[in-house]
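**Q** One letter stands for each residue in the lines below.
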Amino acid sequence: AQSVAQPEDQVNVAEGNPLTVKCTYSVSGNPYLFWYVQYPNRGLQFLLKYITGDNLVKGSYGFEAEFNKSQTSFHLKKPSALVSDSALYFCAVRDSYTDKLIFGTGTRLQVFP
Amino acid sequence: EAGVAQSPRYKIIEKRQSVAFWCNPISGHATLYWYQQILGQGPKLLIQFQNNGVVDDSQLPKDRFSAERLKGVDSTLKIQPAKLEDSAVYLCASSLAGTPYEQYFGPGTRLTVT
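Residue numbers (our numbering), protein chains in the order written: chain F, 1 to 113; chain U, 1 to 114.
With the rest of the complex left out, here is chain F (with noise of 0.2 Å):
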């Protein structure tokens, strides 16, 4: 079955310091690998993408993301945390039979001051 896996429900960083969110996956083919960000009270918010080319793709809000094909990662990374990157992320990924976006369970972020 193809998944996604988080294996962390929660990370803390201080601000300032570098933040690394993980994200591993299995799917059949190549993959597609997302990243959505869900404040408080709102929607889930499109980070960034990774279909085909560099292994390091630059997002929104200074995110960036590394494909790891040999490690089957796609971890989202930020050289310097805000306080206001604290929220819930979703690493994705396309079900290459059906097409859809198969969710994590998403990690909450948390950057003390």
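Do not rely on the hints blindly, as some may be mistaken.
[Claimed, not checked] Computed beta-carbon distance windows for the label pairs:
| # | chain 1 | residue 1 | chain 2 | residue 2 | range |
| --- | --- | --- | --- | --- | --- |
| 1 | U | D56 | F | P79 | 33 to 43 Å |
| 2 | F | S84 | U | Q17 | 33 to 43 Å |
| 3 | F | L82 | U | E85 | 31 to 41 Å |
| 4 | U | N52 | F | V83 | 39 to 49 Å |
| 5 | F | G29 | U | L84 | 33 to 43 Å |
| 6 | F | N41 | U | K78 | 21 to 31 Å |
| 7 | F | G53 | U | R16 | 45 to 55 Å |
| 8 | U | S18 | F | G16 | 48 to 58 Å |
| 9 | F | S28 | U | W22 | 32 to 42 Å |
| 10 | F | G53 | U | L84 | 38 to 48 Å |
| 11 | U | P61 | F | S84 | 33 to 43 Å |
| 12 | U | V55 | F | A1 | 20 to 30 Å |
[Claimed, not checked] Simulated pairs of lysine to aspartate or glutamate, EDC-like, Cα-Cα distance not exceeding 16 Å:
| # | chain 1 | residue 1 | chain 2 | residue 2 |
| --- | --- | --- | --- | --- |
| 13 | F | K77 | F | D95 |
| 14 | F | K58 | U | E102 |
| 15 | F | K49 | U | E102 |
| 16 | U | K44 | F | D99 |
| 17 | F | K49 | F | E64 |
| 18 | U | K11 | U | E68 |
| 19 | U | K44 | F | D95 |
Source of the hints: derived by calculation from the structure; they are not laboratory data.
We put the beta carbon where it would ideally sit given N, CA and C, even for glycine.
Following the hints, position chain U against chain F.
**A** Frame of chain F; chain U shown alone:
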């Protein structure tokens, strides 16, 4: 550009009652999605429309859930009768036909069934 609109934002009903949610997608977005997000889980696709036709409703519990997209624009999702396990946030999303993976989500409707 206006985003995806949903109403109501919150709804509390008793089990066995019925409820309806409304969604207005971004203008020009041909594809519309309804997701169910249970607390602690990622969104799960319930139904996908392309214009006013259903593309995928394989995970829609059709004995109690129904959805329509009149004239290929607005959409409504209905639950009748509701069960306790239907308590969740119902998200509507839309996308351009050519970029189905760049989905724009509405704020969601939080449903509590008591």
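**Q** Each of the hints needs a verdict: does it hold here or not?
**A** Here is how each hint holds up against the structure:
no., hint, in the structure
1, U:D56 <-> F:P79: 33 to 43 Å, "39 Å, holds"
2, F:S84 <-> U:Q17: 33 to 43 Å, "39 Å, holds"
3, F:L82 <-> U:E85: 31 to 41 Å, "37 Å, holds"
4, U:N52 <-> F:V83: 39 to 49 Å, "44 Å, holds"
5, F:G29 <-> U:L84: 33 to 43 Å, "39 Å, holds"
6, F:N41 <-> U:K78: 21 to 31 Å, "23 Å, holds"
7, F:G53 <-> U:R16: 45 to 55 Å, "52 Å, holds"
8, U:S18 <-> F:G16: 48 to 58 Å, "50 Å, holds"
9, F:S28 <-> U:W22: 32 to 42 Å, "37 Å, holds"
10, F:G53 <-> U:L84: 38 to 48 Å, "46 Å, holds"
11, U:P61 <-> F:S84: 33 to 43 Å, "38 Å, holds"
12, U:V55 <-> F:A1: 20 to 30 Å, "21 Å, holds"
13, F:K77 <-> F:D95, "24 Å, violated"
14, F:K58 <-> U:E102, "15 Å, holds"
15, F:K49 <-> U:E102, "8 Å, holds"
16, U:K44 <-> F:D99, "13 Å, holds"
17, F:K49 <-> F:E64, "9 Å, holds"
18, U:K11 <-> U:E68, "20 Å, violated"
19, U:K44 <-> F:D95, "13 Å, holds"
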